[in-house]
Amino acid sequence: MAQPFRLSRGGRIDRTRPIVFAFNGKPVHGFAGDTVASALLANGIHLVGRSFKYHRPRGILSHGPDEPSALLSVDRGPGRIDPNNRASVVEARSGLRTTSQNHWPSLEFDVGAVNDLLSPVFVAGFYYKTFMWPRKFWDKVYEPFIRAAAGLGKAPTVADPDRYANRHAHCDVLVVGAGPAGLAAALAAARTGKRVILADEGAEPGGSLLHDTTSQIDGRPAADWLAETLAELDARENVILLPRTTAFGYYNHNHVAMTERVTDHLTSAAGQAPRERLWQVRAEQVVLAGGAHERPLVFADNDRPGILLAESVRVFLNRYGVAPGRRLVFATCGASAYQAALDARAAGLDVTLVDLRLEADCGPELAQLRSAGAEVLTGHTVIGSKGRKRVTGLVVAPVGSDGRCGGRRLLACDCVGMSGGWTPAVHLFSQSRGKLRYDDAIDAFVPNISAQAERSAGAARGTYDLAACVNEGFSAGAAAAGSDERQEVRATPTLTGFQPVRIMPTDANPTKVRAFVDYQNDVTAKDIKLAVREGFQSIEHVKRYTTTGMATDQGKTSNMNALGIVAGQLDKALPAVGTTTFRPPYTPVTFGALVGPARHALFDPIRTTPIHEWAEAHGALFENVALWRRAWYFPKAGEDLHAAVARECKAVREGVGIFDASTLGKIEIVGRDAAEFMNRLYINPWTKLAPGRCRYGLMLKEDGYILDDGVVARVSDECFHVTTTTGGAARVLAHMEDYLQTEWPELEVFLTSTTEQWAVIALQGPKARDVIAPLVDGIDLSPEAFPHMAMRSGTICGVPTRLFRVSFTGELGFEINVPSDHARAVWEAVFAAGRAHGITPYGTETMHVLRAEKGYIIVGQETDGTVTPDDVGMAGMIPKAKGDFVGKRSLARPDVVASGRKQLVGLMTDDPKLVLDEGAQIVADTGQPIPMRMLGHVTSSYWSANCGRSIALALVEGGRERAGGHLHVTTPDGFTRVTVCEPVFFDTKGERINA
Amino acid sequence: MLLIACPHCGKRPETEFRCGGQAHIARPADPMTVDDGAWSEHLFVRANPKGVHAERWCHVHGCGRWFNALRDTISDRFIETYPMGAKPTQFPQSETRA
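So the sequence lines, in the order shown, correspond to chains D and C. Heads up, the first sequence is in the UniProt record's numbering, so the first residue is 1 and it goes up one at a time. Heads up, the second sequence is in the UniProt record's numbering, so the first residue is 1 and it goes up one at a time.
Bound-form chain D, shown alone:
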């Protein structure tokens, strides 16, 4: 319970609720309200990780989301290990196990630290320069080495056991950030009665007010204003206040994505609460009040543990009651660090402040701090730091107006608070595609021209004074809610203003100095200068070459320093260099939050037919067809795919097979103009098709290529029962709707998808009629009364049916359409009736083989979006006298009527046992030089048990003219010779179908 660096009083922690968690296996004590970072510091632990590239000892730099260095792996229990968490934002609680990263064998002794000694080698562009040659080294040497060295933290190895929720919300005003400006904005908007959502990434709303112990608002402590404001917002029913919620992405039309961390801070997760909730908010207006980030100073060895940002020192002191050290040195080029120094003095700590600014350039803060008893060295630079795993001193020197440094002085210390000025957090504004403007007065890019209905307020637009933040926030909130209400609070003046410095002046050899700009990716000022010397001028190129700003913190602390150094090297003004692009997410987002409930069965939902469970119970294996899961084949004991399919194929041709065709797309086309509509969409004629008759329909796109096919039955004069391919159903309906609504709105036609309403039981084989005869009522099944390509309505097993006499096998066949709810019962009745006839269930594989034996095409297998009716030998279906239909004009396009198009043919291999590969290429002459001239490819290829040999369909250039000739097809073992034939292999006269 030691916590030697815990102050005796102060802070917003709950000292009555002690907690303990583990860091690298050792217990760390703290209090409820601590972050992991504040608890570590309370215990004097600064060394928390090793840097990415050089494995340098690193500590805690910041108190917030901009932390680049203190990245821990957090273990919340079995399966709940999460790498790369910022210690500064993880709420400490009992039971957490945290571990440092990127070291071996231990944090204290890390072999990888040898990289630091080799740092002259690892300059900017090291990878590009080094891993160039020899070529053969890449696979075996370079890539394994880079992969081992790359990446930070270890990915979890088991599935995430947590649940994640997803919520859509609408509001009039979304306020991002609950600091002084955001709170005031929410208050002003809420008072108009509009619906307000206020989101803040912190555990507690309040922003800077949570650690501002000295300011007053309207004569009372700022904390009182915070409490009253929160109480009013909380009491209003039109306000949703979301703490622990990060707005990470700002998308089109005020669509803002946020993650709410619901349970990570709880010792035992409450009931069924999700771990995180993804909020997708659609706001009429957005107020961005995300605050600002402090810049580090760039000097030699500015990355030692114990060197923090000055404002972060203040946060640890005031909000968490933790002294990050006992002898503090502040280094700054501006006023805000003086407030941190004053607060440290007030906490009884030993304070020295080093200010690069000359005495005359300082404001009232100088006298304030001196009168508080601290030594202040103005006009001094920081040369470097001492120590290794913890800072022990800061080397400073006076610097003249000519930039020359005077005599060095070592300031012994155990903590440094540095401040290089402030950068407004314009990330979300930039994501919204707003345009930035460089404001010279505060050396920062600020929001300028909005692209969406949003406005920024407070530090996020470069306003740093407390009263100004509150008043600006209030106005912004009111304006967002359509009101011009204003509020003028008075507050203690904030210490603001700084003189920007890119690199601290030094008397050291600039080629030896290692001053870090990007802590997370280990990029030094020297690296950036080198990149510019090597010719990189665009900031986007410098970024990628040096990797500055490309780590998971996206350069929140480093970007402005990097920009400034590039501008200085190029001798350009900073705005002329511009900024890199801000992209979502603002801070890292868990995959869980993005995926939400869409996992496992919900990730990619599947569709099943009413027969699915029967097929499962009868041992079917399944294949995916579009979203459907279809029975593929029904193996008996000891059978593999080939044996089962061979048996099923013979059973259908010799007896009877039963097949679940429910996935067929079905569309009911009804209305006065139904036949005319059909005429315009299909190549076939429909006007004279009698009710009760069927026709195979082929549908083209306007470009003349085959879109879909299927059997169509005319139910009545004004009603067609259309079937489509399984995968094409939605596409065909959309295609029909498009033409109906946009080209021919005058037609009176109604389109209804009935795919799910009708289940289809296909009964195929010479004994099919015998099987169903006892079950069917009201339909004369005789061949004369019910010929091939007819449809009758009646009942089967007492269930209403549209009974089709159709065949996709070339055998006598029926497709029994019944309402889906009755399908399982009918299926089982038919199956029971079929037992006496040796009925065999078959799957999609057998269906494919049987139709290929007959040369029936499958759209999407024999066609690929560039195939015309003539290419597959179906041009004869188009009546000469038929008027316009979709695609007709394109059939006269020059390239469609040209000779030499690929045409559907059959192929027979010289070796009847050899089954060709689908997709295999076809050539005429194997002796020709490479690259050879490809004539086409194999589209379907199977072993045909009924033919006793392999069969194949193919698209071949000028294929029909090649009938009887030889071609050569690629196989894994080289070419094999084939003979071109008609694309029909079984019952070539087509007599069986009319049985």
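Derived by calculation from the structure, the hints in this document are not laboratory data. Some hints could be false.
[To be verified] Covered stretches of chain D, as calculated for chain C (at least 3 residues, CB under 8 Å): (1) 734 to 740; (2) 885 to 899.
[As the list claims (entries may be wrong)] Using 30 Å as the maximum straight-line C-alpha spacing, the simulated BS3-like pairs for lysine-lysine come out as follows: (3) K688(D) - K529(D); (4) K636(D) - K854(D); (5) K701(D) - K512(D); (6) K435(D) - K529(D); (7) K140(D) - K129(D); (8) K26(D) - K154(D); (9) K50(C) - K701(D); (10) K386(D) - K194(D); (11) K11(C) - K194(D); (12) K154(D) - K435(D); (13) K435(D) - K87(C); (14) K50(C) - K11(C); (15) K701(D) - K87(C); (16) K688(D) - K888(D); (17) K11(C) - K435(D).
The beta-carbon is built from N, C-alpha and C at its ideal position, and this holds for glycine as well.
Assemble the complex: chain D is given as a structure, and chain C must be docked to it using the hints.
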């Protein structure tokens, strides 16, 4: 994600819609009388303006109806949505084809 005002249902998120490309391209009344050049133009050539663009959209996961929209391709702002067969009120027709 875009927010699109379906003329029949009101504002809905982009995921409920399907874009059908450039609007106001009328299918020739008798395509067989159109020469090859004009037909290929009709089939394949589309405008790709930087600025205001008239597009077809279908509220496919809503009312299922097609409508037209004027969208600024620079800002992604929808200037107007209007039913099939109607003309936009806020933008001169001359900037769209046919």
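key: Enumerated hints in conflict with the structure, sorted upward   = 3, 5, 10, 12, 13
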